[in-house]
Amino acid sequence: MAVTDAKVPAKKKAPGIRLFGHKVPFSAQIGFLIIAFNLFLMIFAPFLAPYGEGIVPADLQKWANPSAEHWFGTDAIGRDILSQLLYGARLSIGLSLITTCIAFVVGIITGFSAAILGRWADVALSRFADLILSMPTLIFCLVIITAVMANESAFVAATGISNAFFEGMVIVGVIGFLYAVPVFRLSRAVAMNIVALEYVEAARLRGENIWWVIRKEVLPNAIPPLVAEFGLRFCFTFLLIASLSFLGLGIQPPYQDWGSMVNQNAQVIFLGKPMPLFPAGAIALLTIGVNLVVDWLLSVYSRAHGENA
Amino acid sequence: MLKLIAQRLALGLITLWAASVLIFFTTALLPGDFASAMLGQQATAENTAAIRAELNLDRPLVLRYTDWLSGAVRGEFGNSLASHRPVSDEIKPRLFNTFFLAIYAALVAVPLAVFLGVMAAIRQGSTFDRGVNVGALLTISVPEFFLGYLLMMFLAAHFRIFPVLSAVNASTPFFSRLYFAFLPMITLVLVIVAHMMRMTRASVLQVMASPYIEMAYLKGLPKWRVVVQHALPNALAPIVNVIALNLAYLVVGVVVVERVFVYPGMGQMLVDAVSKRNVPVVLACGLIFAVVFIGLNILADVLSIMSNPRLRHPR
Amino acid sequence: MSQTASAQQRFGEQVLDVEALRIEVRTDAGPGPVLVDDVSLQLRQGEVLGLIGESGAGKSTIGLATMGYSRSGCFITGGKIVFRGKDVREMTRDERQDLRGHGVAYIAQSAAASFNPALTLYEQICEIALRRGLMKEEEAKAEAIRLFKELELPNPEKFGERYPHQVSGGQLQRAMAAMAMITKPSILVFDEPTTALDVTTQVEVLASFRKLIREHRTAALYITHDLAVVAQIADRIMVLRHGKMIEVGDATQILQAPREEYTRRLVAERTVANQNLHQAQSETAKPLLEITNVVASYRSLTRVINDVTLSVERGDTVAVVGESGSGKSTLARVVVGLLPRSSGDVRFQGESLPARLQDRPRDQLRRIQMIYQMPDVALNPRQTLAEIIGRPVEFYFGRSKDQVRERVGELLRHIDLPESFASRRPGELSGGQKQRVCIARALAAEPELIICDEVTSALDQLVGEEILRLLNRLQEELGVAYMFITHDLGTVKRIANKVAVMLKGQLVAYGETDKIFSPPFHPYTELLLSSVPEMRADWLDEVLAKRTRKNA
Numbered sequence: 398m399a400v401t402d403a404k405v406p407a408k409k410k411a412p413g414i415r416l417f418g419h420k421v422p423f424s425a426q427i428g429f430l431i432i433a434f435n436l437f438l439m440i441f442a443p444f445l446a447p448y449g450e451g452i453v454p455a456d457l458q459k460w461a462n463p464s465a466e467h468w469f470g471t472d473a474i475g476r477d478i479l480s481q482l483l484y485g486a487r488l489s490i491g492l493s494l495i496t497t498c499i500a501f502v503v504g505i506i507t508g509f510s511a512a513i514l515g516r517w518a519d520v521a522l523s524r525f526a527d528l529i530l531s532m533p534t535l536i537f538c539l540v541i542i543t544a545v546m547a548n549e550s551a552f553v554a555a556t557g558i559s560n561a562f563f564e565g566m567v568i569v570g571v572i573g574f575l576y577a578v579p580v581f582r583l584s585r586a587v588a589m590n591i592v593a594l595e596y597v598e599a600a601r602l603r604g605e606n607i608w609w610v611i612r613k614e615v616l617p618n619a620i621p622p623l624v625a626e627f628g629l630r631f632c633f634t635f636l637l638i639a640s641l642s643f644l645g646l647g648i649q650p651p652y653q654d655w656g657s658m659v660n661q662n663a664q665v666i667f668l669g670k671p672m673p674l675f676p677a678g679a680i681a682l683l684t685i686g687v688n689l690v691v692d693w694l695l696s697v698y699s700r701a702h703g704e705n706a
Numbered sequence: 031m032l033k034l035i036a037q038r039l040a041l042g043l044i045t046l047w048a049a050s051v052l053i054f055f056t057t058a059l060l061p062g063d064f065a066s067a068m069l070g071q072q073a074t075a076e077n078t079a080a081i082r083a084e085l086n087l088d089r090p091l092v093l094r095y096t097d098w099l100s101g102a103v104r105g106e107f108g109n110s111l112a113s114h115r116p117v118s119d120e121i122k123p124r125l126f127n128t129f130f131l132a133i134y135a136a137l138v139a140v141p142l143a144v145f146l147g148v149m150a151a152i153r154q155g156s157t158f159d160r161g162v163n164v165g166a167l168l169t170i171s172v173p174e175f176f177l178g179y180l181l182m183m184f185l186a187a188h189f190r191i192f193p194v195l196s197a198v199n200a201s202t203p204f205f206s207r208l209y210f211a212f213l214p215m216i217t218l219v220l221v222i223v224a225h226m227m228r229m230t231r232a233s234v235l236q237v238m239a240s241p242y243i244e245m246a247y248l249k250g251l252p253k254w255r256v257v258v259q260h261a262l263p264n265a266l267a268p269i270v271n272v273i274a275l276n277l278a279y280l281v282v283g284v285v286v287v288e289r290v291f292v293y294p295g296m297g298q299m300l301v302d303a304v305s306k307r308n309v310p311v312v313l314a315c316g317l318i319f320a321v322v323f324i325g326l327n328i329l330a331d332v333l334s335i336m337s338n339p340r341l342r343h344p345r
Numbered sequence: 006m007s008q009t010a011s012a013q014q015r016f017g018e019q020v021l022d023v024e025a026l027r028i029e030v031r032t033d034a035g036p037g038p039v040l041v042d043d044v045s046l047q048l049r050q051g052e053v054l055g056l057i058g059e060s061g062a063g064k065s066t067i068g069l070a071t072m073g074y075s076r077s078g079c080f081i082t083g084g085k086i087v088f089r090g091k092d093v094r095e096m097t098r099d100e101r102q103d104l105r106g107h108g109v110a111y112i113a114q115s116a117a118a119s120f121n122p123a124l125t126l127y128e129q130i131c132e133i134a135l136r137r138g139l140m141k142e143e144e145a146k147a148e149a150i151r152l153f154k155e156l157e158l159p160n161p162e163k164f165g166e167r168y169p170h171q172v173s174g175g176q177l178q179r180a181m182a183a184m185a186m187i188t189k190p191s192i193l194v195f196d197e198p199t200t201a202l203d204v205t206t207q208v209e210v211l212a213s214f215r216k217l218i219r220e221h222r223t224a225a226l227y228i229t230h231d232l233a234v235v236a237q238i239a240d241r242i243m244v245l246r247h248g249k250m251i252e253v254g255d256a257t258q259i260l261q262a263p264r265e266e267y268t269r270r271l272v273a274e275r276t277v278a279n280q281n282l283h284q285a286q287s288e289t290a291k292p293l294l295e296i297t298n299v300v301a302s303y304r305s306l307t308r309v310i311n312d313v314t315l316s317v318e319r320g321d322t323v324a325v326v327g328e329s330g331s332g333k334s335t336l337a338r339v340v341v342g343l344l345p346r347s348s349g350d351v352r353f354q355g356e357s358l359p360a361r362l363q364d365r366p367r368d369q370l371r372r373i374q375m376i377y378q379m380p381d382v383a384l385n386p387r388q389t390l391a392e393i394i395g396r397p398v399e400f401y402f403g404r405s406k407d408q409v410r411e412r413v414g415e416l417l418r419h420i421d422l423p424e425s426f427a428s429r430r431p432g433e434l435s436g437g438q439k440q441r442v443c444i445a446r447a448l449a450a451e452p453e454l455i456i457c458d459e460v461t462s463a464l465d466q467l468v469g470e471e472i473l474r475l476l477n478r479l480q481e482e483l484g485v486a487y488m489f490i491t492h493d494l495g496t497v498k499r500i501a502n503k504v505a506v507m508l509k510g511q512l513v514a515y516g517e518t519d520k521i522f523s524p525p526f527h528p529y530t531e532l533l534l535s536s537v538p539e540m541r542a543d544w545l546d547e548v549l550a551k552r553t554r555k556n557a
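Chains as they are written, first to last, in the numbering used here: chain Y, 398 to 706; chain A, 31 to 345; chain F, 6 to 557.
One or more of the hints may lead you astray.
What follows is a list of derived Cβ distance ranges for each label pair [claimed, not checked]: (1) Val-92(A) with Ala-551(Y): 22 to 32 Å; (2) Pro-422(Y) with Glu-143(F): 50 to 60 Å; (3) Glu-451(F) with Asn-606(Y): 14 to 24 Å; (4) Ile-506(Y) with Asp-350(F): 36 to 46 Å; (5) Leu-59(A) with Ile-506(Y): 19 to 29 Å; (6) Val-553(Y) with Ala-83(A): 20 to 30 Å; (7) Gly-101(A) with Phe-574(Y): 28 to 38 Å; (8) Ile-506(Y) with Pro-263(A): 42 to 52 Å; (9) Leu-682(Y) with Pro-366(F): 54 to 64 Å; (10) Phe-437(Y) with Pro-366(F): 51 to 61 Å; (11) Leu-32(A) with Arg-304(F): 17 to 27 Å; (12) Glu-128(F) with Tyr-209(A): 24 to 34 Å; (13) Leu-483(F) with Pro-263(A): 56 to 66 Å.
Just so you know, the hints here were simulated from the structure itself, not pulled from any lab data.
A quick note: this is a predicted structure, and the numbers were derived from the prediction, not measured.
For each residue, glycine too, the CB sits at the ideal point set by N, CA and C.
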């Protein structure tokens, strides 16, 4: 397709909220709102919760229905569900964020290296990645956790850290490593696409060294798909940790994240009480919010790419 | 084309083998005093020794692996550490239950997802399309247990249409099974229909955007003909791929759903075994799940190759 | 335009009458640019109207509109399109479906993309005839075979049983013509059908089309940006620009005595082929770049470059010509070190260059610079022009920030862009401007040799012309040498003093331009030269006559 030399006219700006020069549609606005809301709750939990963390209020009522004193009711031992939700947010969201960050750092470094360093490193890493990706993540997680957790007492006795800390580390480590693999794949693909473009070749021809090329040429253009992937990974991690806790294999009592809240309150659903739906709903809400934003980011990226290429 | 298929199958076998290695070698992480740690206060010299014998912790790792693998191929996985009965005896009924549930869900989900996906793609931008997309996004985002408990609360607890617990056993007759397994089945269906529908829609849209589709319109062909004669044969390969991939995903979703409805399947068994550190059972279930998952992925790739017109009729 | 009496005899009744056609883009954000603005044209049976213009002129859009079709986002908002007395815009959906493929048939630019890979050629070609109930299956197949023979396709009886990907590009293009002709339409719309083909294939396909049109007395709209091609096939020519009609008239009149300024520029650009712009530099014969017996291959064992020897002297412009697959671009990569040579030597100013890019010292890298074909991907969209042009200055010469800024300003002036552009990003520039920036980036290193890899192939004719003039001027001012890779012989004749002709990795001819382009020729050079359409209307006939004589 031939390129015209007509003057490029100034783009008219349509009304609406904009971010980085792109219009944010209604759905993504809702997504941002949900995310902000959750972060707010997470940070200000101690100030917002009507009752303290893990406190059993004086007027002990087990499985109380939602009421003025307990907006979401109480759980099996009488704790206020709303408060538990707010405190649990920190565990759920915080752990997921840490894990996603670990996955991302490992994944991006290995992915970019594979794309740029060439053949041997690339082939070896890619084969290994394919192998891990061909396994069902949850199953693999469970198998590894069985073996690692068996070391818990020994480890705890030796280092003096708490059980809970050990369990948290195991979850973050195992999932962080497993999810570094799809991030590796994506960053490798993104880097390879960019590396194939002539402006990267022009830099290499100049004699620029590899770090400069990554920093100045590859990374700035790789950011949109990577940010979208971050959101997506966060969702997967969040759901996986919640599922593990739900199965009783993640966060253990006395600590509670949203998944274990669902687990511990599950029985009461048989009686028609909604308690487990609240933490489950909270999980669903945050995931939906992040997905809405990710969807928008992905559509912006594919459009912008089309314009530039 | 046959060469490609053979290559893929060979690669698949290697992957399966590598998966078995990965799964088994996690036992290398077990501490030396695993037996006594597991029994805790009930550890005596005898039952510790019994467990050690069961797990063969004295033998070198590689030999343990080959023993285990050769047994696994025959269907023998050793004895359960909890009940001391052969693992294979305990797995069989559970395996049957899980497959029943999975196939039940697949038979409902696949036609529904493909139909919705194709219709949404053909009517892109319409209210139907937008509605379907929003619905899919919502169902994908929420965890399986949320959907499960929601359904349970309304359809079982409040309206009493379905039973709350899916208590099936070996003697349950066929139609009763269908009834008991209905709620878990619907939960699974909701989860994978969303994924499948989205991917189907994307594949069909991509095909519909091809230049040869525009050419078909320019030849004056009516829309239905363009879709059926021109678009679908090309969309077939990616759709089949999508279906197989999602069935693989079913394997994982089953675990949580069985727990929600207390359905006696292999997922439940795996979770119990993990919490009790019942290593032989964990390995056995893990291996079976992995084999099915990888097997379906291989099937997806092979079907993809077979339905690609360029590969079926090479130069 | 009134038709002459003889024209009325030669051509039949009027089949198409387009009046004041207007097509616009409409998006959710509101109305967009106007693609076609007040265009009128008439077409008679047996007549071929060439639609000429650069990209964005609206020619394809007009072609599609004759079938009442517009691409998504585009709407026909004004005018009449009257086909055999009926206005297409007022037709019902069924009537429009009838019109397409039967009244008006379309031949797209890329045959490879327009055929469904899952169906055989028969199925797709006969489909339209069968569905309409116009013919039965045997008849349709027989008719298809007859058309294959007319279009000179190999093995006509079995040709239809193949799948699109089993057949070559030129054959597929002709198959598309068969698909269009099978229902004996009144009008054929050819949309840039030979643009994607190699020059040598183009000639044959063009000849087939012309034969087809003449035998069936079909009316045709031939859309292309290449004036020389349209000269071979059109009876009348209409020149379009930015959706507006600039000029329309008989083919001979347009080509020999164009009235409008724009038309004149288009015609002139094509005919000035023999004016060589290159100023010979009075020189010491000290060669700048010497390529000796170089062999190179990619990972497979086939040699992509097979024993090539040539040299570039100071101030030279050496053109490396060939079709796709000839290895010309690969040669550039070998010189630069991206593809290490397997054997042979490449010397620069007497020193042997290491085979691999990584082994070369920075100053060596500085002296040889490269400019690419597609300016869109050769510039990092996230950097400003100041960063893009300034980086080589900083990198090679270690200047201070102020010095860099000054130098950037200087370079921008050199390429005829205002200094204020330094803060802009590539996305805000036009195609020609982007290519200039690429040139400035190369100049920033103060090189002695610049390799130009198809630098004008992706640009419109007139824009490309300006780039060539700029390169020439820079050569005069700075004494830099060029290695100019291209497939366009016209460009070669204009700017190169030496030519190297490549075929399948080998050098088949090398020497001074006038010598290479005058007889006696290497057979391939002759083939290449003769395949470049010239602006005379009888050029095609001549070439065909020469070829049949040779083959007889």
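Now the hints, each set against the structure:
1. Val-92(A) with Ala-551(Y): 22 to 32 Å: This hint holds: roughly 24 Å between Cβ atoms.
2. Pro-422(Y) with Glu-143(F): 50 to 60 Å: holds (56 Å)
3. Glu-451(F) with Asn-606(Y): 14 to 24 Å: holds (22 Å)
4. Ile-506(Y) with Asp-350(F): 36 to 46 Å: holds (40 Å)
5. Leu-59(A) with Ile-506(Y): 19 to 29 Å: Hint holds: Cβ distance 25 Å, inside 19 to 29 Å.
6. Val-553(Y) with Ala-83(A): 20 to 30 Å: At 28 Å between Cβs, range holds.
7. Gly-101(A) with Phe-574(Y): 28 to 38 Å: Distance hint for Gly-101(A), Phe-574(Y) holds at roughly 29 Å.
8. Ile-506(Y) with Pro-263(A): 42 to 52 Å: At 43 Å between Cβs, range holds.
9. Leu-682(Y) with Pro-366(F): 54 to 64 Å: holds (60 Å)
10. Phe-437(Y) with Pro-366(F): 51 to 61 Å: holds (57 Å)
11. Leu-32(A) with Arg-304(F): 17 to 27 Å: holds (25 Å)
12. Glu-128(F) with Tyr-209(A): 24 to 34 Å: violated (48 Å)
13. Leu-483(F) with Pro-263(A): 56 to 66 Å: Holds - the Cβ-Cβ distance for Leu-483(F) and Pro-263(A), about 59 Å, lies within 56 to 66 Å.
Consistency with the previously given hints fails for number 12 only.
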